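Student: Okay, here's what each chain looks like letter by letter:
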Amino acid sequence: MIHSFTALLSRSQQLLGALAIVIALAGVMGWSSIASAQQPVPSVNLGFEPSALPGETIAVSAYLTDPLGNPIYDAEIEFHYDVEFMNVTDSVEIGTAVTNETGLALLTWQPRSDGENHIVASFAGNDVFAEASDTQILEVLPGEQLYRELPPYRIPGANMWLTSGLITTVWLIFIFSLALVGWANLKTRNEPHTSNTEAKGGSADA
Amino acid sequence: MESHSDIDQVSDDKPKNWDISRRKMIKMLGGATAAGLAVGYLPKALRAEPVAENAADFQVATDAESSERLRQWMMIIDLRRCDGCQSQGTPPQCTEACNMGHFVPKPMQWIEVYEHELSRDVGEIAPLDSSTTPPIEGTKFMPTPCMQCQNAPCVNVCPVGATWTTPEGITLIDQNRCIGCRMCMAACPYERRSFTWGEPPTSHAADFVEHSVEHQLPIQKGVVYKCDFCPEMARAGRLPFCASSCPQNAIYYGDLEEDLASNGDEVVRVSEFLAEHSAFRHKEELRTRPRVYYIDGHGELAGRDPKTHGTMPVRWNIDLDIKDGAKNWERSS
Amino acid sequence: MTYSTESLERATVEAMQRFSKRYIISFIVLSAFVVAGIVAYINQLQNGLYETGMRDRITWGLYIVMFVFFIGASMGGTFVSAALRLADMGWRAPISRGAEYITVSALFTASLFIFADMGHPERAINILLFGRWESPLVWDVYGLNTYIAGSMVYLYLAVLPDLALVRDRVGHQLDPIRRLFVIMFSASWTGHPKQVKALDTSLKVMTVVIVPVAVMMHTVTSWIFGMTLREPWDSPMFGIYFVVGAVYSGVGLIVVFMYVMRRMNHMEAFLTERHFLNMGKLLAGAGGVMIFFQISDLVTAGFKLKGDSAFNLYQLADGAMAPIFWTYIWVGLMIPLALMLLPWTRTIWGVLIASVLANVGMMLERYFIVIGGLRLPLNPYHAPSYMPTLTELTIVLGLCSLFILILMIMMKLAPAISVQEMIETGEIEAVQHDARRAASTDGPEGAVA
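Sequence order for the protein chains is B, L and U.
To convert, note that position 91 of the first sequence is 91 in our numbering; the numbers rise steadily by one, no gaps.
To convert, note that position 240 of the second sequence is 240 in our numbering; the numbers rise steadily by one, no gaps.
To convert, note that position 352 of the third sequence is 352 in our numbering; the numbers rise steadily by one, no gaps.
By construction, these hints were calculated from the structure, which means they are not laboratory data.
As the structure is a computational prediction, the values presented were derived from the model and not from experiment.
Yeah, the Cβ is synthetic: ideal placement off N, Cα and C, and Gly gets one too.
One or more hints might be untrue.
As the list claims (entries may be wrong) - Derived BS3-like pairs: lysine-lysine, alpha-carbon spacing no greater than 30 Å straight-line:
1) U/Lys194 with B/Lys187
2) U/Lys412 with U/Lys194
3) U/Lys306 with L/Lys283
Claimed, not checked - From chain B, some residues computed to sit far from chain U (all C-beta separations above 10 Å):
4) Gln38
5) Tyr81
6) Asp82
7) Ser122
8) Glu144
9) Gln145
10) Asn159
11) Ile167
12) His193
Use the sequences and the hints to build the structure in full.
Tutor: So, in structure tokens, the structure goes:
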């Protein structure tokens, strides 16, 4: 990211203004030589509530200021957080925001990983300023489940009790039918009765 | 008024018909007891809780997490990077690693790499005249694990609750309860379930493992198996065999609760990653709501020409000492 | 020649006592088949379903085909017996007993086919221990149990007076086992008016209950397939389609049974051509509805050729399932219908041939429904094929033999024609009229009888 002066010259006219600022700054700070100029390192100040619940929307802000404390505006700040997932450590992007005239880059975020989240706001540097970053720790407290599946669709009344009731009713009718005949047979088994032509069994024999 | 008197008359008659003798009373009591027994027993019989035998195992897995938030495991398969291991000159490494790591019995592939035609006209309808030219030529590879549907057809049809979806969103099988009716296999729209038709050709080594529904070993005869999504390994912070073995890092394994997924090389935010690449789920129109997402492609990031066909045949962990009486069978006859 | 109640009673009771040479030989042969089936099943238990032609992609085979077929076959019995009783059709009287036998026997056989198909039959109890009421298979198990119980109660109530008849008439001549059976199950029936009234009430209740139970059973069986996401099965029409198909094959099976029983027991006088022709009308009606369903199902799917239904249509029209499908359409549906529509084939033989063809057709239909549905590739692989193995064929043969054996045993336990119903419905006079008419015209009935 270190640009040589010649590289700067080859850039478009738009950069000349910035160049003037660099020269002016360098002059003010009493640096001896432009040719060997280190780009000034701005400071990034990351700020948010130190703890949050998972899924809670928190505002993550970063102030980008030059070494003199003046805000740097229209600069892009990238927000990341460091994770270790499945034994893989990586830096996962939260998002990017552009600083306003007060040097403030602001975005909202919903942290989801439990425990300490190392949040990094980094400024990639531009033609004028060197890169800079800041890391702060966000403590995510134990909280409620965030991801939920759609509950199964249930039709009111269509449940196990309906099934059980249906089966039981049908079986009871079967038992009732058998019992009715069995009962009649038992009650009248020794009762003599006139044999009529429609009666079956022994009567036909007689 | 006349009708009213009629009704009165009917109601006057009624007690005669309902003259309850003691015997009738006993009979009715008997009937009521039978009904009570039936109503008491049936709901119990008809409301299976999953995994009776493995309740302990399973409880540990979920209880440990119960104070914390439950993980919601998921997978993203980036088809732009999958070349069916053509560039490696090997069989698909995901399948092989899974076969080896899980002691998968021979013809099964819990994650199977299918070669889909890019044009959906071809291949789906076999009897179509093969001499016609498809509008898009070429194929793509699609590693197909169990989709871990959240509205799982297999779970919905299982008569004994031997397959169920865990609170972590994974569909598991309790092989100790499975009756081998294969209804789940008929119901699965992804053809991801396999049956042990005979004594499975696995090595003795797998028999010494204590049975758990989460690794499914030891393999039994006459029950159903499928990809178990490796929840044990995931909880221990290890990627499943398929994800960690992919030479192109095409398989991401992740957690929807934490919104993170990793392919062993990088960690991505699931929600953004899926949206950014317009991820889709296989046969999404069936509303099975799988937990496996695909990013469409045909191996272009691995430098594959879509017109190169075929993968090498996969191998199994069957060079070890095989059980006596083990059978060899094919996926389809 | 006239037939009195007396002659009917004598004929039925004699038929029970007579063990012809043909009966004994077929009994032995069928028992041998059952034994072969048991041997094959033991082999299958030892080696697993490896012994079958089923594999991961075609997961159900001949067992489920036959399960569905026998469930369907049972429908005819209930339909003829109970639905015609509801409709107060007198001509059902000599048929209903056989129909009820077929229902019970077919349901019993069907439940055994489920056991043949299971990977772990010893865990079948899990369905009662860990059943999930959400599963179509559990509906099927409870439905099947309920249906078997209902059919048996219904059969028993209908057979009760006839058992008493046997007890009183020839009880002393019977062998000890059957004597004990008859005495035990005739349950002190004396024909007392109160008993007759109670039986009448019970039968009315059971008739009303058993018809919806039967329809439910066939619907639930279709839902085993209809509740999956596979294209050819994923149809709301499946329930009614199965019910009508069941009536079709069930009626056909009863006709076959009627014919065999008529010849074996010399019941020509009581089972006349009129009964066969009436059954033929039922068969033609059910067949016509089947054709209508087949057209509405295939034409709506075939016009659009949407997704997987295209594969199904191709495989039926000129793919692997085409021989089965077209045999079913022409031999199983069209020819029986034609046989019933053409006046010169409207004879006992015509009805019998139509019935046999209807059953062959329905077996083929169950086959292409089950196998064709499973053949559908869900992933890009070549559509799998299925060929039943010797083990499967042996077990199927054994269970089919068992089905016939149960019928043969039941035929010797009670009169094969319901004497009581014949009298009650006045059918006894009607068959006398049939006989007079046959004698006067010397029609085909006269020739056969």
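Student: Hint by hint, which ones does this structure get wrong, listed from lowest number up?
Tutor: Of the numbered hints given earlier, those the structure breaks are 10, 11, 12, listed in rising order.
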